[in-house]
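Working from the sequences, and respecting the hints, build out all of it.
These are the residues of each chain, in order.
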Amino acid sequence: MTDTFDVIIIGAGVIGNATAYYLARRGLKVAVLEKSDHIGGGASARNGGGVRQSGRHPAELPLAMYGVKNLWPNLSAELDLDVEYYRAGNLRLGKTGAHLDILAQLVQSAEAGGLDMRLIGAVEARGICPGLAEEVIGAGWCPSDGHANPLLVTLGYYRAARRLGARFISGAEVVELRKIRGRVAEVVTAEGEIRSAGRVVVAAGYESRKILSSVGLDVPMHPLQVECLVTEEAPPMFCQMLGTAMADFYGHQSRHGSFVFGGSHGYEAHAFYGQPLGTSIAASSVCRAIIGYLPALREIKIVRVWAGWLDECADHIPVIDNPAETPGLTVACGFSGHGFGIAPVVGILLAALATEETPVLDLSAFRYDRFRAQV
Amino acid sequence: MSSERTRDFGRYVAAADDDVIICRCEEVAKGEIRRAVRDGLFTVHEVRRLLRCGMGLCQGNTCARLVRGIIARELGVAADSLVEATGRAPARPLEMRVFAREQGL
Amino acid sequence: MTRYDLIVIGAGPAGLSAAAEAAGAGLRVAVFDENAKPGGQLFKQIHKFFGAKEHKAKIRGVKIGAELLAEAEKRGAEVFLNSPVAGLYKEREILVRRGEGVGHYKGDAIIVATGAQENMPAFAGWTLPGVMGAGAAQTLMHLHRVKPGKRVLMLGSGNVGLVVGFQLRQAGCELAAVLDAAPRIGGYGVHAAKLARTGVPFYLSHSIVRAWGTDKVTGVVAGEVDGGWNFIPGREKQFEVDTVCIAAGLAPATQLLKMAGCAMRAAGADWLPVCSAVGETSLPGVYAAGDVSGIEEASSAMIEGRLAGGAAARKLGFIGPDEYEERRQVLLAALASLREGMFAPQKRGQISAQTDEGIDLSQTLLRKGYLEEGEVGKYPGVKPAAGIHPVIECTQNIPCNPCRDACPQGCIKVTGGIAALPEYDDRAGCAGCGLCVAVCPGQAIFLLNEDAGDGLAEVTAPYEFLPLPQKGELGAALARSGEKLCPAEVVRVKLAPAFDRTALVTFRVPRDFAMRARFWQKEAAA
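Chains as they are written, first to last, in the numbering used here: chain Y, -17 to 357; chain V, 3 to 107; chain P, 23 to 548.
If you are wondering where the hints come from, they were derived from the structure by calculation, not from laboratory data.
Pairs of lysine-lysine, DSSO-like flavour, derived with a Cα cap of 27 Å:
| no. | chain 1 | residue 1 | chain 2 | residue 2 |
| --- | --- | --- | --- | --- |
| 1 | Y | Lys283 | P | Lys112 |
| 2 | P | Lys128 | Y | Lys283 |
| 3 | P | Lys280 | Y | Lys283 |
| 4 | P | Lys405 | P | Lys435 |
| 5 | P | Lys59 | P | Lys85 |
| 6 | P | Lys75 | P | Lys369 |
| 7 | P | Lys59 | Y | Lys283 |
Examples of chain P residues lying across from chain Y (beta carbon under 8 Å, computed):
| no. | residue |
| --- | --- |
| 8 | Tyr111 |
| 9 | Lys112 |
| 10 | Glu115 |
| 11 | Leu117 |
| 12 | Val124 |
| 13 | Gly283 |
If you want the footprint, here are the derived chain V segments under chain Y, 3+ residues with CB under 8 Å:
| no. | segment |
| --- | --- |
| 14 | 5 to 18 |
| 15 | 34 to 44 |
A virtual CB, placed ideally from N, CA and C, is assigned to each residue, including glycine.
Okay, structure coming up:
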C-alpha cells in the first residue's frame, strides 16, 4: 500500500517548509521529503539572512515588497518563534564615483517599482550607521529593508507545519517523479518507497534539476558556491543590513550580537560542487572587504566560516510555475541566491499554485517555459 | 536511512537536571534541548541551529558529546546513530585583521 | 604559498614521531602546533611509561617528548610553535595563524595529529570556577607550576584520573576522593594502588550530583548510582573541596578532519575518521595519527605517528616498497603488542574475571583500589623467600615488561607475551639492587627483607614525593588501603641515575607488618 497525500513537497528548505506550512494551515494532507538527514541543511541554513527589496530584479520586487508589507512583520507571532526579524533598513555603500553610479541605477530601478530607496550622502550614512570608514562617500538607503535569522525562519516553518500535522521525512532522496495517466502523481525515493499525491511541489534548490529531469523538465541553472562567516558576539553596533555597490561583502549584526557577513572572492562559479566545503581564500578576502568599510571590526574574532551553494538560474530569477507539460507538478527553484527574503511570500504563492488557485501576485515572469522555444 | 519526523513522545516529564547548562558558551540548558527534540529537531545540526548550542566561541568542543547524548536519549536511540556536527574553519577564533592579512603569497 | 613534502599538524607524541620518521626518510617536513611548547601532552606526563623497550617503557613522558623533538629536529623537521592551524582544505592546504597574519602552506601529504580534548559531564554547578578537566589541572601543575587547588575531588578512575590524581598528591594537593559512576575502577590497578596506599578513598558507582559555591566551588554532593546510572535517593555524600577535576574520558579533536571533508564514522560515543591501517583517511594523502584517530595511550600514538610518517614517505616516493614493508611490519608488531592484555582497545567494555594465567582478579582492587592482604599471595610475582627479595604486586595483564629487563640477576620472568604477569623466580637470587622497584611504571614492586633483626622487617618502596625523607626520620607505615599501621623509621634512601628520580625508601616495621606495609608517610609537622 502506498501513502497518499494531497501534496508532496520535495525539499525541506525554507521554501518547502513555508509551502508545507501554508498548505497544512488549509487543512491539506502534506508530506515533505528531504534528501538530507537534516531539515533545512542546504542554502536555507547557510545564507546571510537578508530580507531585502532593494537591488532586486524588477520581476522579483513585487514579491519582496509584498512579503515585507504583509508577511515578515507577523512572522514571529505566526510561527510561535522569534525569528529575529529587523526592519531597520539596508545601506548599500559606495566609495567612488563609479560606485555612486551603480547605486544611482539601483535607486532608479527601485523607484520604478514603487520602492522607497534613495541615494544619501556620507554624513547621513554615518548618522544611520556610525563606524563607517572615512572613505565611504555615499550610500543607497532603503529604510524598509532588513534581515532575519534564516536558521530560525527555516526551522520555525518546519516546526509550525509539523505541529499542524504535515509529515516530514528526512533521509528520503527522491529519484523519480512518475506520471500516471498524464499527471504527475507518484514520487519514488532511493529506498524504493513510492508515495502518491494529488500534487507534487519540487523545491529542492539546485538538486531540483535532477528530479525534474525524470519528467522531462529542465531548468537552466548551475550551482554557485559561496561562503559566509560569523564573528564572536559584541555589543550592539548597527541594526541595518549592509552591502556595497561592488557587492564585495554584505552582512548584519544578529540579535545574538555576532556579525554575520558574506562576500565573494570571484571564483564562486568554479568551486567544486557536491560537498559544502569552504575554501582557504574566501574568509580572508571577505575580512579585507569588511575592514575597508567597518574598520572598528578589525579586532573582532571570526569563529566560523561556512560554505553553501545556490541555484543560479540563467536569468537570475527563479522558476515558480505549474508547467503546462506536467499537470500535477509545481516547480520552485533557481532562486539564484535571493530566495530567503521572499520565502514567506513564495510559500503563499506555491500554496496557491498547488491548490490551483489564482496567486495573489502575477507569476508570469517566473514561468518555466520562458527558456523554451516560443511558437 | 529515512526518518519519519512525526512521532508521539507522550507527555513531557520534567527532569531534575533540566536547568543544568549544557552549552556553556551559549548558555543552553538541557531542558531546552529535550523540548527541541520533541518539537521535531532530531539531529545535532537542527538542534544547534535552533538553540545555538555548540555555536559559541569553543565551537561545541565542550558540549558536542553531551548534546548528542541528550538528543539520543530523548529519541530513544543509540548516540552513535547521530552524526556529529561538522568542523568549521577557523579551528580557533581568529581576529578579522589577522584573517585579512595573508602572508607570503 | 610554501610547500613541504609533509605537513604535520600537532607536535605531540604522534606528530613528532611522524615528523621524525618522515624526515628520517628524507622528506622536507614542517610541524605546526598551537602551543608555545612542543610535545603535546607528553610534557605533562611526568610518570614513567608502560610498555616494552621499543615503546620507550620506563621513561618519563616528559623525557620522551624531549627526545622525540630532538630526533625530529636533528633529522631536519621544522617545528613551528604558537601556530594554530585554522583550516585544513582538501587540496592538502592548511591555513595557519603566524603572528599577526595567516599563512598558506601546502603539503604533498598531511598528517593530522591534533590529539584529543577532555569530555565534560554536565551537573549542576559544573560551570563554577574550580571545576576543571584533569588535563587542565596537569597543565596548571606542569606547564605553569601552579597548584590547581588545596583539596581536590577527582571524578573518573580511568588512567587519566588515576595518574593526575597521583600528580596532584605529588604537587602537594589533598585528594578528597576518586569517584567513578562505573562499578569498577577503569584504569590500571597499579595506578589505583599507588593512590590508595597514600590514603585516597575510592567511591565506585558514584557520581557528582552537584557542585556548590558562589564565586567558585566550595563543595560537592556526590551520590551513589544504580546499574542504570540513576542516583539512588538517600545515598548522597558531601565533600568539601575547592577543586573538582574531571577525568571523564577524551574525545578525538577531529575538527580539521571534518572541515576538510574526511569521511567519519561512529564508534560508540566517539566520532572518528575512517582510516586505513596506516592512518590514511578518505582524502588521499591526508593521514590521522594518535588520539585524533581513536583514543589510546601516548605509546600507541607514537607508533601510529611513525606508521603514518612512513606511509607518507612511501607514497611520495622517498622509500622503496621493500624498505617500507619491512619497517611497517616492525611498527605494526609493536602496536599489536601494546594492544595486548585486558585493557586492550578491542576489549573495551568487556569485563574479565580472571587474568590470562587463570587467576581471579582482585575485586577489592577494582572497587577500592588496593589488594586485600589475603589475596596478594596468589599472584606469580609474590613468593615467600628468605633474605631480600622482590614482591611484585602486578595483578592485571597490562602490556609492560621493564621489570624483566631491569633485573641483572634474571629473577623476573615475563613469559608468553608482553602482557603476562611477571613472575619472581627465586632460584636466581635477588641481589637487592632495587632496579626493578625503580623502573616499574606502576610502582608495584617492593623489596622485602622479612628478617632484619630485632623482630623487624625492612620494606623498600618506590617514593616520588618531595622533600625526600632523611635516614633515621620517623614516619608512619601505611597499608595498601592507606590505613596507618605503625610508626616506621627510614633506614635508607637510595637515589641512583638509573632510578630516574624514583627514590627507594627503606623503612623498618615489625615483622608482622612486612607483607602489609606499602607506603611510608611523612609525619605532618607538629
